[in-house]
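K.L.:
With chain A held as given, fit chain P onto it using these hints.
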Amino acid sequence: MIDVARPSLGCEGLSKSFDGTQALQDVRLEFPATGIVALIGPNGAGKTTLLNVLTGFLRPDAGRFFLGERELTGLAPHRIARLGIARTFQDLRLISQVPVLENVLLARPNQKGERLLPALLRFGVAQEESRNREQAMRWLRFVGLDQKASEAAGELSYGQQKLLTLACCLASEGRILLLDEPVAGVHPDMVSQILDLLRQLRDQGRLVVFIEHDIAAVRHVADLVIVMDEGRIIAQGRPGEVLERPEIMEAYVG
Amino acid sequence: MEYLLHVLILAAIYTAIAASLDLLAGRTGLLSIAHAAFYGIGAYTSALLAVRLGVPFIVGVLAGMVVATLISFLVSLPSLRLHDDYFVIATFGFQMILFSIFNNWMDLTRGPLGIPGIPQPVIFGWHVDSHSEFLLLAACFAIFAYLVIWRITSSPFGRVLHAIREDEVFAKALGKNTLYFKVTAFAVSAALAASAGSLYAHYITYIDPTSFTVMESILVISMVIIGGAGSLWGPLVGAVVLVTLPEALRFVGLPSSVAANLRQIIYGSLLVIMMMFRPRGLVGNYGFSK
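Quick note, the sequences are listed as chains A and P, same order.
With our numbering applied, the first sequence covers 1 to 254.
With our numbering applied, the second sequence covers 255 to 544.
Possibly wrong hints are sitting among the right ones.
Stated by the list, open to error - Between beta-carbon pairs, the in silico distance windows are:
hint: 1; chain 1: A; residue 1: D189; chain 2: P; residue 2: N539; range: 33 to 39 Å
hint: 2; chain 1: A; residue 1: D91; chain 2: P; residue 2: F378; range: 53 to 59 Å
hint: 3; chain 1: A; residue 1: N110; chain 2: P; residue 2: P332; range: 25 to 31 Å
hint: 4; chain 1: A; residue 1: E30; chain 2: P; residue 2: L536; range: 54 to 60 Å
hint: 5; chain 1: A; residue 1: R141; chain 2: P; residue 2: N539; range: 29 to 35 Å
FYI, nobody ran anything at the bench for these hints, they're computed from the structure.
No residue lacks a Cβ here, since even glycine has one placed at the ideal position from N, Cα and C.
The shape of chain A in the complex, shown without the other chains (with noise of 0.2 Å):
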């Protein structure tokens, strides 16, 4: 179901500076092909900034990411998402006044009936719609939103709405998953739910990489963890190395 070949993330000298702070100096990382792997660190550590850059939504002043061989540096935000690189966001973004199955088919890729003409004269678009409808139903079943398919996106609990951007990003053909505090303000009983999720993602040959505050959860479910501040990559491991060197901690709570 996942192409056999899977090009890995990869970025070299990322920087990025806003008016004179260095969100990221000279950042370089080799994502594995598949893993769960979580990005730590102080508020303010880049961490959000990195997953900007990475996605096309922010260009760095220096430095070049990559896929595999092909270079990201510079694409616009919809052809990197278009290989296979799905995001959510720290403030959820959803279509609010539509039903949940409307955002899940919104973000099916390759849609003919987003072109001009076969919206207008209809060629073949109810027959793909219905072949989406599926799909998309598939992914809400596999987050557990299916009873909520014709509510609006709106009327979900917080953890749902999370979920729900989860079921977008796959419903997109996501490869590789970059979620920004996918569990943060989860109520606790939906974190494992959540957790579980992510693990069956990498069992099925995905690269998930989620931004994480919440250290429990980070220990319980990543495979490798990076832990930035300032801007740079302070340390990188398994999460029972990392997580027990003192000055990491320091670094974190402090």
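P.N.:
Chain P in isolation, oriented as in the chain A frame:
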């Protein structure tokens, strides 16, 4: 009776124009102040083709739509790279430029002298010369505009337009080339406005630049907002209300010099009142003041 039909014809023409603006302003969230210019491009293109070259009405209408589409790219490609308020200001600039062209390119448009003697439409042998026939034709144009817009908004294409209106970043993150959607919506909107402009020119049989000023753009925006942006019937309701209201004022017996000024005051007050008490418009469900 003729007079009543005249008012209805204008209402139908404005319904098509308001509906075409709503595709952009209501459905996609892009408020353009250049709509009168595109309406004017349609009017001038088919009028000039008919008067100078004797081109048949339908060909003139199609030519107007094509010219409007091409010019819409000149407007939309630079201005759609701007955000919200700056986009509005850029379209205002284009409206001023296009008006200046209508008003000053004497060789082509005869400037303020206008173009008289525009022939009434003949469509495959059907000579449209009575008011009732014109009403039928105008209704067809309005229905056509509505049909196109309904097809678009009820398709996956329309779903992306809706997403752009609500959260463009979300749409981009899902791999949508939002610039393509906005440029396309702008082009369709311009082409539909142009078709209504052609019809107007061949109905009144005389056009001059004063019909395509920025005030005209604002009138169409008022129709969309008062009727209800982003709703099915909003543009129709808005167009009917704003076309018939000033006509109704005539019957109050005001001298026409007073009525003209009063009309502007009423439009303005209506807009302010709607924004304060019913930003979704008379029949709409989407407020501009989010």
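K.L.:
Indicate, hint by hint, whether the structure satisfies it.
P.N.:
Now for the hints, and whether the structure bears them out:
1. For A:D189 and P:N539, the hinted distance range of 33 to 39 Å is satisfied, since their beta carbons lie about 35 Å from each other.
2. Between A:D91 and P:F378, the C-beta spacing of about 57 Å keeps the proposed range 53 to 59 Å intact.
3. One distance hint, 25 to 31 Å for the beta-carbon pair A:N110 and P:P332, holds here, with the actual separation near 29 Å.
4. Between A:E30 and P:L536 the C-beta distance comes to about 59 Å, which sits within the given range of 54 to 60 Å.
5. Between A:R141 and P:N539, the C-beta spacing of about 30 Å keeps the proposed range 29 to 35 Å intact.
In terms of the numbered hints stated before, the structure departs from none.
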